[in-house]
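Chains E and Y, in that order, give the protein sequences. When we follow our numbering, the leftmost residue of the first sequence carries the number 204, and every step to the right adds one. When we follow our numbering, the leftmost residue of the second sequence carries the number 21, and every step to the right adds one.
A couple of the hints might just be wrong.
[As the list claims (entries may be wrong)] Which residues of chain E face chain Y? A partial, calculated answer using Cβ under 10 Å:
#	residue
1	Pro237
2	Pro239
3	Gly355
4	Pro372
5	Ile379
6	Arg450
Since the hints were made in silico from the structure, they are not lab data. Being a predicted model, the structure only gives us computed values, none of them experimental. Just so it is clear, CB atoms sit at the ideal spot from N, CA and C, and this is done for glycine as well.
Residue strings, one per chain:
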Amino acid sequence: MVGKLKRALPVSFIAILIALWQLGVSRETTHIIPGPWAVVLGIVELGRNGLLLKYVVASLFRVTWGFLSAVVFGIPLGLFLGWNHRAGTALNPLIQVLRPISPLAWIPIAILWFGVGDLSATFLIFLASFLPLTVNAMNAVHSIDPVHLNAGRNFGLSQPQLVYRVLYPAVMPQLIVALRITLGISWLVVVAAEMIAVNSGLGFLIIDARNAGNRYDLVVAAMALIGLIGLLLDTVMRRFETMRSVRWGFRSD
Amino acid sequence: MAEIALPWKVTNTRTRLKIEHLSMSFRDNGRAVDVLDDVSLDVGEGEFVCILGPSGCGKSTLLNIVGGFIPPTKGRVSIDGETVRGPDPRRIFVFQERGVFPWLDVEDNIGFGLSRLSRQEKSRRIDYYVRLVGLSGFEHAYPQELSGGMKQRLEVARALAVNPDMLFLDEPFGALDSITRLVMRGELLRIWEAERKTILFVTHDIEESVQLADRVVVMSTRPAEIRRIVEIDIPHPRDISSRRYLQLRDSIFEEIGLAHKV
Numbered sequence: 204m205v206g207k208l209k210r211a212l213p214v215s216f217i218a219i220l221i222a223l224w225q226l227g228v229s230r231e232t233t234h235i236i237p238g239p240w241a242v243v244l245g246i247v248e249l250g251r252n253g254l255l256l257k258y259v260v261a262s263l264f265r266v267t268w269g270f271l272s273a274v275v276f277g278i279p280l281g282l283f284l285g286w287n288h289r290a291g292t293a294l295n296p297l298i299q300v301l302r303p304i305s306p307l308a309w310i311p312i313a314i315l316w317f318g319v320g321d322l323s324a325t326f327l328i329f330l331a332s333f334l335p336l337t338v339n340a341m342n343a344v345h346s347i348d349p350v351h352l353n354a355g356r357n358f359g360l361s362q363p364q365l366v367y368r369v370l371y372p373a374v375m376p377q378l379i380v381a382l383r384i385t386l387g388i389s390w391l392v393v394v395a396a397e398m399i400a401v402n403s404g405l406g407f408l409i410i411d412a413r414n415a416g417n418r419y420d421l422v423v424a425a426m427a428l429i430g431l432i433g434l435l436l437d438t439v440m441r442r443f444e445t446m447r448s449v450r451w452g453f454r455s456d
Numbered sequence: 021m022a023e024i025a026l027p028w029k030v031t032n033t034r035t036r037l038k039i040e041h042l043s044m045s046f047r048d049n050g051r052a053v054d055v056l057d058d059v060s061l062d063v064g065e066g067e068f069v070c071i072l073g074p075s076g077c078g079k080s081t082l083l084n085i086v087g088g089f090i091p092p093t094k095g096r097v098s099i100d101g102e103t104v105r106g107p108d109p110r111r112i113f114v115f116q117e118r119g120v121f122p123w124l125d126v127e128d129n130i131g132f133g134l135s136r137l138s139r140q141e142k143s144r145r146i147d148y149y150v151r152l153v154g155l156s157g158f159e160h161a162y163p164q165e166l167s168g169g170m171k172q173r174l175e176v177a178r179a180l181a182v183n184p185d186m187l188f189l190d191e192p193f194g195a196l197d198s199i200t201r202l203v204m205r206g207e208l209l210r211i212w213e214a215e216r217k218t219i220l221f222v223t224h225d226i227e228e229s230v231q232l233a234d235r236v237v238v239m240s241t242r243p244a245e246i247r248r249i250v251e252i253d254i255p256h257p258r259d260i261s262s263r264r265y266l267q268l269r270d271s272i273f274e275e276i277g278l279a280h281k282v
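The shape of chain E in the complex, shown without the other chains (with noise of 0.2 Å):
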């Protein structure tokens, strides 16, 4: 496709959604579905009085850390347990039965071991991106082709040179797609969490636009900045998969 249509086309649908949606609205008489502009201009209101900077800043902080502490345990350990199958073995059913539980059904015992506040909310990131990176890492050094360590063998690496010149390459392009996704949990999780756990973010922002007077176009603005900033962290993952190094693990290229 021509790059200006690829760019014309998503814009224009837009467009002609925010139209309609204007359209509905001043069609509906009840006016607690804001419409577009009352978003532009709850953003405005926000931006204003400073909640804007601080809940955004809040709801970024509690992924930043939670999600860092995940990367920092779950990688090394799900590295660890892929290398070393009698230790994969014993843990993998416990990792298995953990890993449908909602990080939500977590928030009762998060508060009650820290409270209503950001470790909460941090340590409830922390569980929705340790087991999916930890199962992610384990299924990556699973996947390396068994070549290339033989290679790695006969060129008479140690276990450590090993595991640095072959293994951490060859898992880097499955680990960096686990890691955009695991982000993308994160910042799932971090707005539910805020509506329960803590009483600032985007997640607490919207429960509380609600609850205070149904100030829904302060809602939809949450979602709104919750959307794109979404988007801006995927882009910025996304980035990492086009290093020269990696881009053999990827099909489209």
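With the hints as your guide, set chain Y onto chain E.
Frame of chain E, contents of chain Y only:
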């Protein structure tokens, strides 16, 4: 037909690789499957030996045992009198072209086994082998940007760069198209004549074995044993329409039980 050692042949100075009474069985669903049955073979210094057998006969297993990747059930493999207990950079295994590391470019692939050398020596060797296998101009290309034949040459270059005594090639040209395969055979012979490595080459292609090898080791179906060893007493470059070539080739066809008529 008798195997005749002709006087022109540089009879191998000394035995380097000794395979003695090698047997191998795998466990498959609790059932023992015999793959190799009492295989013995001596390979001399600088010799080019083809191991020829039908697909799935266990010749790859044999090469993997010789390479030190799997221990045999029975028997012994020794090189210069020393029992093989694991893979070793003195003997490099060349897989089909998928053995090259996709995350490294051509230069870094060739330099993979050279981390102990000084930077100068390393880049000198990389340059040399890039040229030897005809990859000049592709030093910074990644494997995914190369054709199958180029990847195969890259893998051979990576193997040669560490200056091994022996090369083990496991159906290295099996995934290439037939024209590239012919070119690659010529390339391999050229490189072998330049470097005189001892080569053990596994193939299921009769023509390929007769074109390349000093000796063709004909294996049976599973469990594989050596049916016969055919000495190819034709000097390189070989005329593949010569009477002697056809004679040797046909004798192998017969040995394998194929009257070579389609």
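### Message
Just to be careful: measuring from the Cβ of Pro239 (chain E) to every Cβ in chain Y, is the smallest value less than 10 Å?
### Response
Violated - the Cβ of Pro239 (chain E) stays beyond 10 Å from chain Y, reaching only about 45 Å at its closest.
### Message
Quick check on Pro237 (chain E) please, does its C-beta sit within 10 Å of some C-beta on chain Y?
### Response
violated, 50 Å
### Task
Double-check Ile379 (chain E) for me: the hint is only fine if its C-beta lies closer than 10 Å to a C-beta in chain Y.
violated, 12 Å
### Task
Go through the hint on Gly355 (chain E) and say holds or violated, using the shortest Cβ distance to chain Y against 10 Å.
Since the shortest Cβ distance to chain Y is 8 Å, the answer is holds.
### Query
Regarding the hint that Arg450 (chain E) lies at the interface with chain Y, is the smallest CB-CB distance below 10 Å?
At about 7 Å, which falls below the 10 Å cut-off, the nearest Cβ of chain Y leaves the hint on Arg450 (chain E) intact, so it holds.
### Pro372 (chain E) as an interface hint toward chain Y, with CB separation required under 10 Å
holds, 4 Å
Violated hints for the displayed structure, listed by number in ascending order: 1, 2, 5.
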